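Single-letter residue listing:
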Amino acid sequence: MDISLNVNGSDRQFSAEPGELLVERLRDGLGLTGTKVGCDTGQCGTCVVRLDGRSVKSCLVLTASAAGSEVTTVEGLTPPGGELTGLQEALRQEHGTQCGFCTPGMVMALGELVDKAAQEGTAPTEPEIREWLTGNLCRCTGYHSVVRGVQRACAASAAGRQDG
Amino acid sequence: MILTELDYVRPAGLDEALALLAGTRGARVLAGGQSLLPDLRSGADTARLLIDVRRLAELRGITRTGTGELRIGAATPLADLAADPEVLARAPELAAAARANGDPQVRNLGTAGGNLLAAGRPTDLPVAAIAAGARVELAGPGGRRTATAEELAAAGAPPGSILTALLVPATGPAAAFEKTADRATRYPVCAAAVRITADGVRVAVTGATARALRLRDVERRLAAGGDHSTEAVLAAFRAEPRSLFVPGPGTSAEYLGHLAGVLTARALARAAASA
Ligand SMILES: Cc1cc2nc3c(=O)[nH]c(=O)nc-3n(C[C@H](O)[C@H](O)[C@H](O)COP(=O)(O)OP(=O)(O)OC[C@H]3O[C@@H](n4cnc5c(N)ncnc54)[C@H](O)[C@@H]3O)c2cc1C
Ligand code: FES
Ligand code: FES
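From first to last, the protein sequence lines are chains L and Y. Position 118 (the first sequence) corresponds to 117 in numbering that gives the first Met the number 0; numbering is contiguous. Position 170 (the second sequence) corresponds to 169 in numbering that gives the first Met the number 0; numbering is contiguous.
For the record, the hints were derived by calculation from the structure and aren't laboratory data. Please read all numbers here as calculations on a predicted model, not as lab measurements. Just to be clear, a hint being listed does not mean it is correct.
Covered stretches of chain Y (in silico footprint by chain L; criterion: 3 or more residues with CB under 8 Å from a CB of chain L, positions within the stretch not fixed) [as the list claims (entries may be wrong)]:
| # | segment |
| --- | --- |
| 1 | 1-11 |
| 2 | 45-55 |
| 3 | 93-107 |
| 4 | 127-138 |
Selected chain L positions facing chain Y (in silico; Cβ < 8 Å) [what the hints assert, rightly or not]:
| # | residue |
| --- | --- |
| 5 | 16 |
| 6 | 23 |
| 7 | 41 |
| 8 | 53 |
| 9 | 55 |
| 10 | 56 |
| 11 | 60 |
| 12 | 69 |
| 13 | 133 |
In this text, a Cβ means the ideal position worked out from N, Cα and C, and glycines have one as well.
When you get a sec, could you build the whole thing from the sequences and use the hints?
Below, the structure is given as structure tokens:
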């Protein structure tokens, strides 16, 4: 099938099998290997990307059904060598990443929560952050440092809003 | 990659989707794909043609009908259902059931219709829809018709039909949903939903039972006793035949019957408190 898809701000045209999964297109077709495959069955969250703004598991999306949409992967957050996003920087400072395998998925999933909070001018509570993490498995951090990272990112973004 | 022979179409409207569904062997409706794609990969489903209805405008959105019902388009994402102010205020058991689903990413793609129809495992929305006294709107080769959520849970959607909407009586806040999730999969070990109406309480249970069921005998015992205390609810569940509760991995019928009673008692207490 002929497919067109906007990935990280650029329009991409290609041909794909109807049974192809979005994560396969991103990694194998487009070389965007920041998105990981941990389980392949929707359980682990390492493959999370944003699809028209919403976080989704790219191992549970057909490339064909994403056609016409905007996809953002971890590579699209900041240009190569550019500054980290507020969330990435906060996770770094709180040691919210260790081996790093889960991190791109965490960043893409939690990014939606942080963006929502910024739009609404609120900050998520700790239980809300933990609930939001239900779909992301991490073998290293024990999650506490990830939760602190989100809190730090939301606090920094709220302070930025007040200054601005 | 899904390795079986497969085709994909995105119809422009409901009529085209129905024609494709009627005219193609092995055709299946694809909504969010959060059940269907794993099933296709594991071989549990062998569809040959996927008809993608996720973006059909006719199937999306939440509106209030003239008769005071909430009309929830079948392709409305569970995340939208969980956060909608009207649903939260007038059908809170439904919002809570949508919210209890898996994780935020599954809720972003998974749809109301898909959750009502997903095969193989008990899902969260059917019990809430049954307790709410909801109906579903079905479009098929023979035209449009409605069925109760209870009928849908018993018989599924007729072959060749597309679920277009869920119609929920918007009676108010006296309703609640409670769930004990499997730690690994997040699917319900047991979930219960209740709604308190002028005619009494409606109680529905899933996970513990073979499918999502309204428990009329439990409702009758509760009405007769006029008592919704935890002890009274547990007694009403103990009076059910043991065979109603179907043991699963690591659970016995006795445990599931007790759990269903505990969750129902909690839901009743919360529904009464918010009435
Ligand atoms: C990690 C994970 C965790 C999950 N946890 C839970 C959980 O805790 N609780 C729970 O209830 N579910 C859970 N699910 C399942 C998920 O919520 C459902 O798969 C989802 O709601 C189904 O909706 P869908 O739009 O993705 O349906 P699809 O997967 O697209 O379709 C499911 C079935 O319904 C049919 N169908 C869909 N829409 C229509 C329609 N409009 N008309 C006719 N037929 C239709 C399809 O043909 C298919 O047979 C989980 C899934 C995953 C991957
Ligand atoms: S690879 Fe997609 S959720 Fe694990
Ligand atoms: S940092 Fe290693 S899996 Fe999360």
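Each hint, compared with the structure:
{"no.": "1", "hint": "1-11", "result": "holds (count 7)"}
{"no.": "2", "hint": "45-55", "result": "holds (count 3)"}
{"no.": "3", "hint": "93-107", "result": "holds (count 6)"}
{"no.": "4", "hint": "127-138", "result": "violated (count 0)"}
{"no.": "5", "hint": "16", "result": "7 Å, holds"}
{"no.": "6", "hint": "23", "result": "6 Å, holds"}
{"no.": "7", "hint": "41", "result": "6 Å, holds"}
{"no.": "8", "hint": "53", "result": "4 Å, holds"}
{"no.": "9", "hint": "55", "result": "5 Å, holds"}
{"no.": "10", "hint": "56", "result": "5 Å, holds"}
{"no.": "11", "hint": "60", "result": "7 Å, holds"}
{"no.": "12", "hint": "69", "result": "14 Å, violated"}
{"no.": "13", "hint": "133", "result": "4 Å, holds"}
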